[in-house]
Amino acid sequence: MTQAAEDPVLHILWMNGGLGCDGDSVALTAATQPSIEEIVLGALPGLPKVAVHWPLIDFECGPEQGADTFIEWWHKADRGELDPFVLVVEGSIPNEAIKSEGYWCGFGNDPATGQPMTTSEWLDRLAPKATGILAVGTCATYGGIHAMAGNPTGAMGVPDYLGWDWKSKAGLPIVCVPGCPTHPDNLSETILYLLYQVAGQAPMIPLDEALRPRWLFDATVHQGCDRAGYYEEGDFATEYGSPRCLVKLGCWGPVVKCNVPKRGWINGVGGCPNVGGICIACTMPGFPDKFMPFMDKPPGATVSTTASGMYGTVIRSLRGFTARTADKEPKWRSKGTELRTGYQKTW
Amino acid sequence: MTMVENSATDSEAPAQLTEMNWDPITRIVGSLGIYTKIDFKAKTVAECHSTSSIFRGYSIFMKGKDPRDAHFITSRICGICGDNHATCSVYAQNMAYGVRPPHLGEWILNLGEAAEYMFDHNIFQENLVGVDYCERMVAETNPGVLELANHTEAPHAADHGYRTIGDIMRTLNPLEGEFYREALQVSRSTREMFCLMEGRHVHPSTLYPGGVGTVATVQLFTDYLTRLMRYVEFMKRVVPLHDDLFDFFYDALPGYEEVGRRRVLLGCWGSLNDPEHCDFTYRNMADWGRKMFVTPGVVVDGKLVTTSLVDINLGIRILLGHSFYEDWEDKEMFVTHDELGNPVDRRHPWNQHTIPRPAKRDFDDKYSWTMSPRWFDGQDHLALDTGGGPIARLWATALAGLVDCGYVQATGHSVKINLPRTVSRPETTFEWKIPVDKQGKPLSNALERNRARTYFQAYSAAVAVYFVEKALAEIRAGRTKTWESFTVPENANSCGFTEAVRGVLSHHMVIRDGKIANYHPYPPTPWNGSVRDSYGTPGPYEDAVQNTPIFEENTPENFKGIDIMRAVRSFDPCLPCGVHMYLGNGKTLKTVHSPTGVPMAT
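From first to last, the protein sequence lines are chains A and B.
The first sequence runs 263 to 609 under the working numbering.
The second sequence runs 4 to 605 under the working numbering.
The hints are simulated quantities; they were obtained by calculation from the structure and are not laboratory data.
Certain hints may be false.
[To be verified] Calculated pairs, DSS-like style, for lysine-lysine (alpha carbon to alpha carbon, straight line, at most 27 angstroms): (1) B:K68 x A:K559; (2) A:K590 x B:K68; (3) B:K66 x A:K590; (4) B:K484 x A:K510; (5) A:K552 x B:K518; (6) A:K607 x B:K484; (7) B:K68 x A:K593; (8) A:K552 x A:K597; (9) A:K559 x B:K518; (10) A:K524 x A:K510; (11) A:K593 x B:K66; (12) B:K66 x A:K391; (13) B:K436 x A:K524; (14) B:K68 x A:K552.
[As the list claims (entries may be wrong)] Covered stretches of chain B, going by a simulated chain A footprint (3 or more residues, C-beta under 8 angstroms): (15) 75-82; (16) 131-139.
Even for Gly, the Cβ is constructed at its ideal location relative to N, Cα and C.
Given these sequences and hints, build the entire structure.
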């Protein structure tokens, strides 16, 4: 994915070494607005030249001792030889401090020890040197599935690890694109915005309190759902496969910040409640714990569905309460030497 | 570069071995490290360790959760085949809850999964694996081969439009290659097909135990079928293109049969249920398993050992090997006998306990987060592989001779794929034949794993045409229900079997007091990339890499290891599912000096 470097090049270092599934890397290959090839080949006006170091489809695959070593780019960045660069983090950050030895996850090796370089070690080394940090997917942003109650690794999101107030040397906060996985175009469009910003063509990216791009995450699922009309008429599905509103079958749409029903999943096709899938709130900081069991009716749904004819402040304030809870991570996702997830350590 | 001397027992002068490490390997899913010692004079890999370092603990954090959450959670195991996990989990839940989805729901699920195969094999083959065979890569590793390719007419040029093999290699160049970019676009339209049925890629939104939430209308299937037929048209070019490319390597580099070769020990757990027969009961599992549109089976040395899902289930053993876990010999047995009265082993996934114990990576001791799944045939704990999925699926299906839906037919020795007429091409039949080497022995190697992948893309498209017909018949008959209600029992033991894109996938669940008491998923990569087990049996990558000769023309200083990479990538490694590998042949190695490399013997 590396372009010949005549002009100054912005390097993008993509680290998929967290506790994740690579689903966000895979999602980016689905993006078409813009596509990854359009970004890399500079097919949009005003884009800076970029060199993307991305494990999923990188040409380079040489050995450490031979030609074209992929991990060498990371060591260069660590040595301060790569500037500017944006660090992309995929996967949650396990807590390596809750045990005396070993590692939960690694990405390449630490030359000094010959042991795997942990994801948190890379963050410690590269964060001060990065122009920006982009956390992709709900694992990297808020902890996600691997940070659920009872997990053994103490996993957390990048902002939990570096601090929610963290700023890069260029003054950028951590930029979070949540979603499990992220919506393909939400991700590619955020990358596009950041490239324009780094190139001096766009102002500071507008983010909300959970560090999400505002224009993508301001509205709720429900506000963009084409089944909202059924809700308004009090017409609720009682079994899956129905075209009616899914709120009574477990859909969290009314309090979840996400644009998928409006945007579709890929080129307008697919989605969640709009095509018959309950919204399990996979973009939210409280995911998954605050929404399980997923197939049960959400606690707020009884009030809001009986009152669905009633508009205005009552509904909104009831939702506001649920939404604020849903927008908060469970308390155990934090640094420190204690494992507070409820799992009894065996080591 | 460190050079080491091999003080092996052979009487010849000690071989000089050069350490070569790749970590992480690119163009796979997840991060995999390969650590080798290469004998550049003999042009062979003498030793190899492989490792991937990730532990998430699904079996731990799923304990005590609502069983209905299982498919939502387990989908997150994998970011490229998560839907296979969701599907397998739904199958296991259907068995536990005693629910049989409406036929239409099952056809929709099959159409989603068929689209996943069409998408995933396509992007992996052309945008990840294909780069290993592209002009830029071959120019950097075997310039002589590229020159030959440029002068070699492609036998099927009329079918795919590329005059020479060199032209095929050029069109596979990353981003610049026209076919590379076309394949990337195809990976998007196939994901649209997937999303029509399962809502969202890669973690589906519309799958549930009891069926699907997809709204089944005429339009749903029209939208799918039109995209499908464009894919069928595409595959009529792609199958001959890859046949030409892979056949060329056998001619250009005599002996390339041995790259990535291992004994034929293939497992396939079957996929794509037939709703007419599948009732999701354990009692009838062997029967409805044989009605799947990809037949389950274990193939040993080219012979079909079983097609029974019950046999397959009972034979699974999880050994610890060199991994960071404590054993569970003294822990509770959840399932002592299956529903048919057969004893269930303590090392079966139903009875497994996951007890992590993190430690330093030490290749002589513990160095892995992955255990060693094996299949016990009554005598041996066989280290089955999946060959990346397609080769095992086609092999088992071909030998069993059970599948015949018109569009695909298993003959007992081959699989025929009958593709209907498309916009610019006539009806076309492709036949996948069981691969053999020049001596007629069954052949499982890097090129044949890759070739099978292309054929299985065509297979998936062909069966999908059949599924659309069956689904539309339901709609036209007015049977539009896609989901059946159920209740979660207090106690149950269940299992689900399917084929993840890269091979065998099983989910084993135990429900106690209405909650998950035990849940162990086994995806393909732990099988393929397993560590040496407690019996000393090496894992599949071990054989495959160890037997790989080096054809690359570079000196060690410029060495890329392309032959090793081709061997590894042919298994379609998917690291989020977990892989750690140790490959040693017992030789004693000591460092003699550094840092200059050994000149290549040419």
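Structure-based check of all given hints:
1. B:K68 x A:K559: This hinted pair holds, its Cα atoms lying about 16 angstroms apart.
2. A:K590 x B:K68: Holds - the C-alpha atoms of K68 of chain B and K590 of chain A are around 21 angstroms apart, at most 27 angstroms.
3. B:K66 x A:K590: Holds. K66 of chain B to K590 of chain A sits at ~24 angstroms (cutoff 27 angstroms).
4. B:K484 x A:K510: holds, 19 angstroms
5. A:K552 x B:K518: holds, 18 angstroms
6. A:K607 x B:K484: violated, 47 angstroms
7. B:K68 x A:K593: The given pair, whose Cα atoms are some 19 angstroms apart, holds under the 27 angstroms limit.
8. A:K552 x A:K597: Cα-Cα ~21 angstroms, so holds.
9. A:K559 x B:K518: holds, 18 angstroms
10. A:K524 x A:K510: holds, 21 angstroms
11. A:K593 x B:K66: holds, 20 angstroms
12. B:K66 x A:K391: Roughly 41 angstroms separates the two Cα atoms, so the pair is violated.
13. B:K436 x A:K524: violated, 47 angstroms
14. B:K68 x A:K552: holds, 13 angstroms
15. 75-82: holds (count 6)
16. 131-139: holds (count 3)
In summary, the numbered hints that this structure violates are 6, 12 and 13.
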